[in-house]
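Enquirer: Here's the letter readout for the chains.
Number of protein chains: 2
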Amino acid sequence: MIKNFRTVPNIVFGKGCFYQLDNIIDKRRQYTDSWVAFLVDDVFVATELESRIPQHDDDLLIWVNVDDEPKTTYVDRLTLEVHNHSRTLPCAVIGIGGGSTMDLAKAVSLMLTNSGCSHEYQGWDLIKNQGIYHIGIPTLSGTGAEVSRTTVLTGPERKLGINSDYTVFDQVILDPNLIKDVPGLQRFYTGMDCYIHCIESLQGTFINTFSRAYGEKALELCRNVFLDDEPESEEKLMMASYFGGMSIAYSQVGACHALSYGLSYILGTRHGVGCCIAFDYLEEFYPEGVKEFREMMKRNYINLPRNIISRVNEEQLEKMISVALSLDPLWENCLGKNWKEIMTREKARSLYLKM
Amino acid sequence: MIKNFRTVPNIVFGKGCFYQLDNIIDKRRQYTDSWVAFLVDDVFVATELESRIPQHDDDLLIWVNVDDEPKTTYVDRLTLEVHNHSRTLPCAVIGIGGGSTMDLAKAVSLMLTNSGCSHEYQGWDLIKNQGIYHIGIPTLSGTGAEVSRTTVLTGPERKLGINSDYTVFDQVILDPNLIKDVPGLQRFYTGMDCYIHCIESLQGTFINTFSRAYGEKALELCRNVFLDDEPESEEKLMMASYFGGMSIAYSQVGACHALSYGLSYILGTRHGVGCCIAFDYLEEFYPEGVKEFREMMKRNYINLPRNIISRVNEEQLEKMISVALSLDPLWENCLGKNWKEIMTREKARSLYLKM
Numbered sequence: 086m087i088k089n090f091r092t093v094p095n096i097v098f099g100k101g102c103f104y105q106l107d108n109i110i111d112k113r114r115q116y117t118d119s120w121v122a123f124l125v126d127d128v129f130v131a132t133e134l135e136s137r138i139p140q141h142d143d144d145l146l147i148w149v150n151v152d153d154e155p156k157t158t159y160v161d162r163l164t165l166e167v168h169n170h171s172r173t174l175p176c177a178v179i180g181i182g183g184g185s186t187m188d189l190a191k192a193v194s195l196m197l198t199n200s201g202c203s204h205e206y207q208g209w210d211l212i213k214n215q216g217i218y219h220i221g222i223p224t225l226s227g228t229g230a231e232v233s234r235t236t237v238l239t240g241p242e243r244k245l246g247i248n249s250d251y252t253v254f255d256q257v258i259l260d261p262n263l264i265k266d267v268p269g270l271q272r273f274y275t276g277m278d279c280y281i282h283c284i285e286s287l288q289g290t291f292i293n294t295f296s297r298a299y300g301e302k303a304l305e306l307c308r309n310v311f312l313d314d315e316p317e318s319e320e321k322l323m324m325a326s327y328f329g330g331m332s333i334a335y336s337q338v339g340a341c342h343a344l345s346y347g348l349s350y351i352l353g354t355r356h357g358v359g360c361c362i363a364f365d366y367l368e369e370f371y372p373e374g375v376k377e378f379r380e381m382m383k384r385n386y387i388n389l390p391r392n393i394i395s396r397v398n399e400e401q402l403e404k405m406i407s408v409a410l411s412l413d414p415l416w417e418n419c420l421g422k423n424w425k426e427i428m429t430r431e432k433a434r435s436l437y438l439k440m
Numbered sequence: 086m087i088k089n090f091r092t093v094p095n096i097v098f099g100k101g102c103f104y105q106l107d108n109i110i111d112k113r114r115q116y117t118d119s120w121v122a123f124l125v126d127d128v129f130v131a132t133e134l135e136s137r138i139p140q141h142d143d144d145l146l147i148w149v150n151v152d153d154e155p156k157t158t159y160v161d162r163l164t165l166e167v168h169n170h171s172r173t174l175p176c177a178v179i180g181i182g183g184g185s186t187m188d189l190a191k192a193v194s195l196m197l198t199n200s201g202c203s204h205e206y207q208g209w210d211l212i213k214n215q216g217i218y219h220i221g222i223p224t225l226s227g228t229g230a231e232v233s234r235t236t237v238l239t240g241p242e243r244k245l246g247i248n249s250d251y252t253v254f255d256q257v258i259l260d261p262n263l264i265k266d267v268p269g270l271q272r273f274y275t276g277m278d279c280y281i282h283c284i285e286s287l288q289g290t291f292i293n294t295f296s297r298a299y300g301e302k303a304l305e306l307c308r309n310v311f312l313d314d315e316p317e318s319e320e321k322l323m324m325a326s327y328f329g330g331m332s333i334a335y336s337q338v339g340a341c342h343a344l345s346y347g348l349s350y351i352l353g354t355r356h357g358v359g360c361c362i363a364f365d366y367l368e369e370f371y372p373e374g375v376k377e378f379r380e381m382m383k384r385n386y387i388n389l390p391r392n393i394i395s396r397v398n399e400e401q402l403e404k405m406i407s408v409a410l411s412l413d414p415l416w417e418n419c420l421g422k423n424w425k426e427i428m429t430r431e432k433a434r435s436l437y438l439k440m
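The listed protein sequences correspond, in order, to chains G and R.
Number 348 in this note's numbering belongs to position 263 of the first sequence; there are no gaps in the numbering.
Number 191 in this note's numbering belongs to position 106 of the second sequence; there are no gaps in the numbering.
Treat the hints with caution; some may be incorrect.
Copies of the same chain are indistinguishable here, so a pair counts whether it falls within one copy or spans any two.
Straight line, CA to CA, 25 Å or less: simulated SDA-like cross-link-like pairs of lysine to any residue [to be verified]: (1) K432 / Y251; (2) K88 / E166; (3) K213 / S407; (4) K100 / L420; (5) K376 / D127; (6) K88 / D107; (7) K404 / K432; (8) K88 / N108; (9) K432 / D152; (10) K112 / M381; (11) K265 / N89; (12) K100 / R172; (13) K112 / T92; (14) K100 / P268; (15) K265 / I87; (16) K100 / N89; (17) K112 / D250; (18) K213 / S395; (19) K432 / R137; (20) K439 / S119; (21) K439 / Q215; (22) K404 / L438; (23) K404 / E305; (24) K100 / S395; (25) K376 / L270; (26) K213 / R113; (27) K376 / S411.
Read the hints as simulated data drawn from the structure, not as lab findings.
Extracted from the complex, chain G is given alone in its bound form (with noise of 0.2 Å):
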C-alpha cells in the first residue's frame, strides 16, 4: 500500500500576506458567537506584529512560551484553557510562530474534539476525529511544521509526534516578511534542520521519486540561502522549508534526527540545535552533506555548542541511547533493514561521547 497523503489544501504565499488573515478567518466565523484562539508564541509581545493580529472582540488570545519544546502537559493545559474560555468550540484555531508553537496549535486543534490525554495519541494515526480548523503561520523556516502531517510533543515515556491526516494544516499563510527579523543564529539553526532532514531523506532507502524531487529543490534553496546569500533570502528560505516538509512525504529523516531526539528528550537541546550538533559528527554516514554543513557554518560564522555530554550523568546517556534507538523508521530509513547490526547501542554511545 502506496502513502496515501494529505497536503495543506490552501496555501498564500507572498511578502505582505499575513494582512489577508482576517478575511480568511472572517469565511469562517459562520454564527454570531463563533471565536478564534490564536497561539502565538510571546517573543511577540508588545512587538508590531501583536498590532497587526486581527483579534475580534470574544476570541481568545494566548502567548505560548517555547523556550522548551513543546510537553504534552502543556498542550493539555492550553486545550483546557481554551476549552474554558466560552461554552463553545472555537471556529478556529491559529498558529503564529516557528514549528514549536504551529505544533502546540495543530496539538491543540485536535485535543478540542478528541478525548483524554495528548500523550495518549502520541505515535501513528491515533486520532479519532477531525480536529478544529486550523491555521499555521511560520515566523521561521525550516522545521516544516508548516506542511506535515505531526506535531512533535514530548512526553512522558518519548519524543514522539501525533501523526494524523487531521494534523495537517486546513490552511498556511507563509508571508516572508514574518521572518526578515529572525536573529542570524537561530535563522541558521532552524534553516538546518531542513537540510539535514533533506540530506538524511536523499540519502535514505525510502525515497522516491516524488519525495527526492521537492528534497532535491530544497536543498539547492538551501545552498542559495546559506551559501551563495542570494537576494530574497527570506522568500527562498520560506520555500525550502516548505519543499523540505513536503520531500517527508515518501521518505524519513535518519541518524541525525533520531540522536537529536536524544539529546531533546534528556538535556531539552532545541531541535535545530540538536541537529546541528548531531550533524557534525556524523561524517561517515552523510560525507558530502556534512562537508557542505561545515562549509555553511563557516559562511554564517556559527560556533556549535560542544562537550555538552560531560554534563550528562551514565543513567540520562543510557536514555538518550534508548530514545534514539527506539525510532526504528529513521534508522531503517538511514542504514537498511539490518541497522541494528551496524547502530549498536556502543556505536551509538560513542557517537554521543564526541559531542
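For this one, chain G is given, so just place chain R on it according to the hints.
Expert: Chain R in isolation, oriented as in the chain G frame:
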C-alpha cells in the same frame, strides 16, 4: 490581494498505486445506493486497464472520446448521461485519461451541482456550488490538469477554462505505470506542454519565488526526460507535470499558449501539438527556450506539422488572431502591461502566417 490558492488535498504517487482506487472510492460509498461515475478515455476500450477499473454493480462507466478538444456541448451531454443513470447523484466522479479526459471529469463534477450549461461558467470563479467529489488519474503527463484549478473547454464563443477552487480534484492518483505505454509522439507533445508553460511562466512578469521553485524543478525534470533520457523517466515526467501545474499558482502562461488557443479554436489542433507548432516561431520572445526545445525535438526525432495556416481562409485567420489576443493575462505576463503596443494584430498575423 495575494491569491489564496487551493491544492489537491490528497495525493498518492508510485508505480502500481492505481490498484488502490477501489479502496479510496470505498470511503465515499456511504449509502447502499451510492454509485460512482467513471469517465475513461476510449483509447482504453478492451485494454488491460479496462479490466482493472473497479466498477461496482450500480456504477456508470462512460467511455469518453477526446479526438477533439473538449467542448462545452460535450460536457453538457455527459452531465445529462450521468443524471439519467440514477435518481441520486454519484458519490464520486473519476476521470481516467489525459488532460482532456481529466478536464471533462472536472467539468461534469461541477455541472452536476450547478444549473444551466457549462459555457455559462467559462471564466473565473463563476461556479457557485461545490462539485461532486472527483478524482483525477492521469494516463498522460504534461498538461498539469491533475493539479490545476481549471477545465479548459471550447464553447460557442471561445476556448476558455472554468476556473474555480471547486474545479480542483479532491484526490489524484499518480501511477507512473499508467503512462509507460503512451505512443512516443503523444508523449512528446504532451510533455512539451509542460516544458513550454514552465518557460513561459519563469520568463513572465507575474512570477514569484513560490512558482519559480516549482517551475525550475519541473524544467529540470523535463530536461532529464527529453534531453538526457534518464532512467525512471515516467516517474520524472509525472512529477514534471505535477510541478509544472503547481508553478502556475502564482504565474501565467504566455505568448505560445495564447497563439495555440487560436490554432485549437479554428483548426481543432490538439493543445500540445499547437503549443509546439507556435513555440518554434517564438524565438524572439523565448530565445533560450526555443533553442532547447529544438534540441529536444531533434533528440526525439520529431517533425513538426508545417504550413497548417495554408488551410485557413482570411475570415478564419482574423478569428484566430482575435481568439489569441483576447487572452489579456497571458500577453501581459509575457510582454508587460503595454503588451498591446508590441503584440498588434499585424504582429500576431505575421506569426500565424509562418506556421
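Enquirer: Look at each hint and say if it fits the structure.
Expert: How the hints compare with the structure:
1. In this homomeric assembly, K432 and Y251 never come within 25 Å of each other (Cα to Cα): the closest approach is 37 Å inside a single copy and 54 Å across copies.
2. Taking CA atoms no more than 25 Å apart as the test, K88 paired with E166 passes in neither setting, with 35 Å inside one copy and 34 Å between copies.
3. With identical chains, the CA atoms of K213 and S407 are never at most 25 Å apart, being 29 Å at best within one copy and 56 Å at best between copies.
4. Only between protomers do K100 and L420 lie at most 25 Å apart by alpha-carbon distance; the minimum there is 24 Å, versus 41 Å within a single protomer.
5. In this homomeric assembly, K376 and D127 never come within 25 Å of each other (Cα to Cα): the closest approach is 36 Å inside a single copy and 54 Å across copies.
6. Proximity of K88 and D107 under a CA criterion of 25 Å is satisfied inter-copy only: 15 Å between copies versus 35 Å inside one chain copy.
7. For a Cα distance limit of 25 Å, the shortest separation of K404 from K432 inside one copy, 15 Å, qualifies, whereas the shortest one across copies, 74 Å, does not.
8. With identical chains, the CA atoms of K88 and N108 are at most 25 Å apart between copies only, with a shortest distance of 12 Å across copies and 34 Å within one.
9. Neither within a single protomer nor between protomers do K432 and D152 lie at most 25 Å apart by alpha-carbon distance, with minima of 31 Å and 63 Å respectively.
10. Taking identical chains as interchangeable, the C-alpha atoms of K112 and M381 are never at most 25 Å apart, the minima being 43 Å within one chain and 47 Å between chains.
11. With identical chains, the CA atoms of K265 and N89 are at most 25 Å apart between copies only, with a shortest distance of 22 Å across copies and 35 Å within one.
12. With identical chains, the CA atoms of K100 and R172 are never at most 25 Å apart, being 37 Å at best within one copy and 49 Å at best between copies.
13. In this assembly of identical chains, K112 and T92 lie within 25 Å of each other by CA distance both inside one copy and across copies; the values are 21 Å within and 18 Å between.
14. With identical chains, the CA atoms of K100 and P268 are at most 25 Å apart within one copy only, with a shortest distance of 19 Å there and 44 Å across copies.
15. In this assembly of identical chains, K265 and I87 lie within 25 Å of each other by CA distance solely across copies; the values are 19 Å between and 38 Å within a copy.
16. Proximity of K100 to N89 under the C-alpha cut-off of 25 Å is restricted to the inter-copy arrangement: shortest distance 13 Å between copies versus 32 Å within a copy.
17. Taking CA atoms no more than 25 Å apart as the test, K112 paired with D250 passes in both settings, with 23 Å inside one copy and 15 Å between copies.
18. For the homomeric pair K213 and S395, neither the shortest alpha-carbon distance inside one copy (43 Å) nor that between copies (65 Å) is at most 25 Å.
19. For the homomeric pair K432 and R137, neither the shortest alpha-carbon distance inside one copy (50 Å) nor that between copies (49 Å) is at most 25 Å.
20. Proximity of K439 to S119 under the C-alpha cut-off of 25 Å is found in neither arrangement, the shortest distances being 54 Å within a copy and 61 Å between copies.
21. Taking the closest pair of Cα atoms, K439 and Q215 never come within 25 Å of each other, the shortest separation being 44 Å inside a single copy and 58 Å across copies.
22. Taking identical chains as interchangeable, the C-alpha atoms of K404 and L438 lie at most 25 Å apart only when both belong to the same chain, with a minimum of 14 Å there against 76 Å between chains.
23. Neither within a single protomer nor between protomers do K404 and E305 lie at most 25 Å apart by alpha-carbon distance, with minima of 36 Å and 45 Å respectively.
24. With identical chains, the CA atoms of K100 and S395 are never at most 25 Å apart, being 44 Å at best within one copy and 49 Å at best between copies.
25. For a Cα distance limit of 25 Å, the shortest separation of K376 from L270 inside one copy, 20 Å, qualifies, whereas the shortest one across copies, 44 Å, does not.
26. Taking the shortest alpha-carbon separations for K213 and R113, both the intra-copy value of 23 Å and the inter-copy value of 18 Å come in at or below 25 Å.
27. In the homo-oligomer, the alpha carbons of K376 and S411 never lie at most 25 Å apart, since the shortest distance is 28 Å inside one protomer and 54 Å across protomers.
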